[in-house]
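Undergrad: So the chains spell out like this:
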Amino acid sequence: MTALSIRKLEKSFGGLRVTRGVDLAIQPGERRLIIGPNGAGKTTLFNLVTGELRPDTGSVALFDQELTRLPARRRAHLGLSRTYQIITLFPKDTLLRNVTLSLLGLSPLRWNPLLRLERQRHLIEQAEHALARVGLGHLAHRPLAETSYGERRRVEIAMALAQNPRVLLLDEPFAGLSVDERRDVKTLLFGIPRDVTIVMIEHDMDVALDFAERISVMHFGEVVVEGTRAEVVADPRTKEIYFGE
Amino acid sequence: MTAPRVALAAALVALVTVPLWVPGDYYISVCSQILIYAVFALGIDVLIGYAGLVSLGHAGLFGLASYTVAVCLAAGVGHVAAIAAALVVTLAGTAVFAGLSLRATGIGFIMITLALGQIMWGLAYRWVSITGGDNGITVPGRPAPFGLRLDAPSHFYYATLAVFLLTVVATWVFVHSPFGASLKGTRDQPRRMTALGYHVWLIRFYACMFSGLLTTIAGILFVYYAEFISPPTVQLTSSAEGVLMAISGGSGTLLGPIVGSILVEIVKNVASAYIARWNMMLGAIFVAIVIFMPEGLVPGTTRLVRRALKLRGPIPAGAPAPTTAAAEPAPGEPAP
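So the protein lines, in turn, are chains A and B. Per the working numbering, the first sequence runs over residues -10 to 234. Per the working numbering, the second sequence runs over residues -15 to 320.
Simulated from the structure, these hints should not be mistaken for lab results. Bear in mind that the values here come from a model prediction, so they are computed numbers and not experimental data. We put the CB at the ideal spot given by N, CA and C, even for glycine. Among these hints, one or two may not hold up.
The following label-pair restraints were derived from C-beta to C-beta distances [as the list claims (entries may be wrong)]: (1) Arg(-4)/A / Pro278/B: 29 to 39 Å; (2) Phe232/A / Phe276/B: 25 to 35 Å; (3) Ala68/B / Asp53/A: 45 to 55 Å; (4) Arg133/B / Pro80/A: 52 to 62 Å; (5) Lys81/A / Leu186/B: 22 to 32 Å; (6) Met95/B / Arg(-4)/A: 38 to 48 Å; (7) Phe276/B / Arg110/A: 35 to 45 Å; (8) Pro97/A / Met193/B: 10 to 20 Å.
Chain B regions said to be covered by chain A (calculated; three or more residues, Cβ under 8 Å) [stated by the list, open to error]: (9) 94 to 103; (10) 170 to 184.
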């Protein structure tokens, strides 16, 4: 059984084919890195997997369950979480409220118009725990707008982890971080247990190559190289994509 | 007792004693009208302030409720059945409004609600056999719940006050609930909310239904207040006034729409007796609010008071920090 299976995925915007017959099979517990130049179709691939975009053809399956026709919200309930390249959080709210919203998304409580959210101790405690897990427990009551960029990245990861995902998609989690913040996020990602499968898009090769076991190189919407770190680094097509002929 | 609670208690005392200190039946009736329009503005604010959806069609729903009561009463139906019919018909109408309008957000939502509101106005104006057209429908008297007659302005005021307080409490519970948090999330980051597992469309639909419920209640109160309903109540300017009430007072707050309705209704009913061009005055007030307090009167005043307190000196030890999640805004404060 594969954790995430992508078969012949195609997507075009008008005349522009952004993914061309992408095939990926990611095993449970695997750490997979997806790299490629800007415009290679990496984020579009994530959007197709999470259901934010509908593929023209092809299919996506999560632990052998077909996702292709399911709306994006249902995929979250089946164990698919993601973070965004451009941080997408709730800036007017506190860190605690951000993570609470994440937990609430999978709870039937989200439909309840009669209870007070602040009195749902089990949710609040879970949110506090998720924040503590990413080292932000002490900032739980701080408004997001008053936090640093690196802290917001960690809130994104806390929100994703709070949903206990089976597959976690990380879209450039190190983008825009300082050296210290990169170290913190790296430690955090290395600490995620193996029952969570991770697929990561990243440009920072030093960090990403340490993290990933297998790497897929995308170029013009296609997966052109796939293999272990050594195989991908040694492949002449990788050098050609990044350095030219 | 904290300052907000003292203010709340003072406001309650002031509201309950209105017939004692307001001079004359006319002004007591104006107070009833303020409360009715406050409920209407609260309904609109649920959408503007908490869902990020601006409706210009709510007067259509308000009118639908009023006309349903009026038509039922004119046909000899009892008050309870007429009110029940108004609730059913207007909530069904709200579902249709929401189903069509929520195909879009932003400008698209505004334009669809505007069009639907204008359809309702057109029906009120042209479907003469049902609505009486320009002549409207006169309601044959007010109900007498539990044997209490509501003919006297002060009696009707108390009935309106009771309904108003219930709607304020219901709205407070609604916006502070898990569903309210979900709704605010869809206002701020709909894409993220979908990725987190929320059904954004359905959340907005339910918010429209709650907003429609408040609007229905306001419409029912209005037709009993005026004992008459005619097309001008349903027209676009009525929807726009409701939106202005919510925005000028402060959308995303509970106190804001109430303050906005006080402002608009006083200018319409009181200042208009002394100033011929009261519309111009109302416009000037709105322009001033937009320039000096773009967030609305209630959040703007709160901001100024906080700034003044800050200038006066440090917050005493033991006072709650202003930026904690536990410090959930009191009614009237901006939504987080």
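Undergrad: Look at each hint and say if it fits the structure.
TA: Here is what the structure says about each hint:
no. : hint                             : verdict
1   : Arg(-4)/A / Pro278/B: 29 to 39 Å : 52 Å, violated
2   : Phe232/A / Phe276/B: 25 to 35 Å  : 59 Å, violated
3   : Ala68/B / Asp53/A: 45 to 55 Å    : 52 Å, holds
4   : Arg133/B / Pro80/A: 52 to 62 Å   : 53 Å, holds
5   : Lys81/A / Leu186/B: 22 to 32 Å   : 23 Å, holds
6   : Met95/B / Arg(-4)/A: 38 to 48 Å  : 42 Å, holds
7   : Phe276/B / Arg110/A: 35 to 45 Å  : 42 Å, holds
8   : Pro97/A / Met193/B: 10 to 20 Å   : 19 Å, holds
9   : 94 to 103                        : violated (count 0)
10  : 170 to 184                       : holds (count 12)
Hint check: violations occur at hints 1, 2 and 9; the rest are consistent with the structure.
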